[in-house]
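Going down the list, the protein sequences come from chains X and B.
Under my numbering, the first residue of the first sequence carries the number 1, and numbering increases by one thereafter.
Under my numbering, the first residue of the second sequence carries the number 1001, and numbering increases by one thereafter.
Honestly, the hints are just simulated from the structure, not real lab data.
Treat each hint with caution, since some may be false.
[What the hints assert, rightly or not] List time: in silico DSS-like cross-link candidates among lysine-lysine, alpha-carbon distance up to 25 Å:
1) B:Lys1017 <-> B:Lys1069
2) X:Lys71 <-> X:Lys58
3) B:Lys1017 <-> X:Lys101
4) B:Lys1065 <-> X:Lys71
5) X:Lys101 <-> B:Lys1069
6) X:Lys58 <-> X:Lys22
7) X:Lys58 <-> B:Lys1065
8) X:Lys101 <-> X:Lys71
9) X:Lys37 <-> X:Lys57
10) X:Lys42 <-> X:Lys71
11) X:Lys101 <-> X:Lys68
12) X:Lys22 <-> X:Lys37
13) B:Lys1057 <-> X:Lys101
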Amino acid sequence: GENVEQHPSTLSVQEGDSAVIKCTYSDSASNYFPWYKQELGKGPQLIIDIRSNVGEKKDQRIAVTLNKTAKHFSLHITETQPEDSAVYFCAASMVNFGNEKLTFGTGTRLTIIP
Amino acid sequence: EAQVTQNPRYLITVTGKKLTVTCSQNMNHEYMSWYRQDPGLGLRQIYYSMNVEVTDKGDVPEGYKVSRKEKRNFPLILESPSPNQTSLYFCASKSGDLYEQYFGPGTRLTVT
């Protein structure tokens, strides 16, 4: 089955700097890669996603890149703000409109230092 | 407001006492799923349902049951809870023809 590894497990950056979180996946059949943000006491919230036919996607300060050959994808947050502090999870899925199980990484706790 | 709701949000119970965690979505989604979240392990799928009366096991189904009698509801049943089922549980749903999955707020279960 799919295995997703995520690094680093914790990350502290100065407010205004950029943060990068990296994930690798094992199953070349995976074709959908979402990123979730989880704040304390809340459920995971989808913040950005990318499909396997795209190499990069950007939404304001957040971007995701995908390298299918190397089987890795990354989340980039620019101009970080205190409200970006949270736990971030990457995930991989093979969307075939059957069981679209998300296989999650183990999470990155991001702390923005004011 | 489009959302996935779970009840209860917090539950402390004793070993062997049957319990049900409810999940409901108001988005008319076909696909629903349960995950558990444990420190250092991320989220792991317990059961999923592709539509009414269609359910199947995920990666960690032991000790759990589910049912899908209505499209909007997908309860998680623990017939005889044990301490190793102490965890944070999330329900998720998605439309059958879209990619995005949406998660509920979570249920923190403690079994003593």
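When the hints from earlier in the document are held up against this structure, which numbers fail? 3, 4, 7, 10
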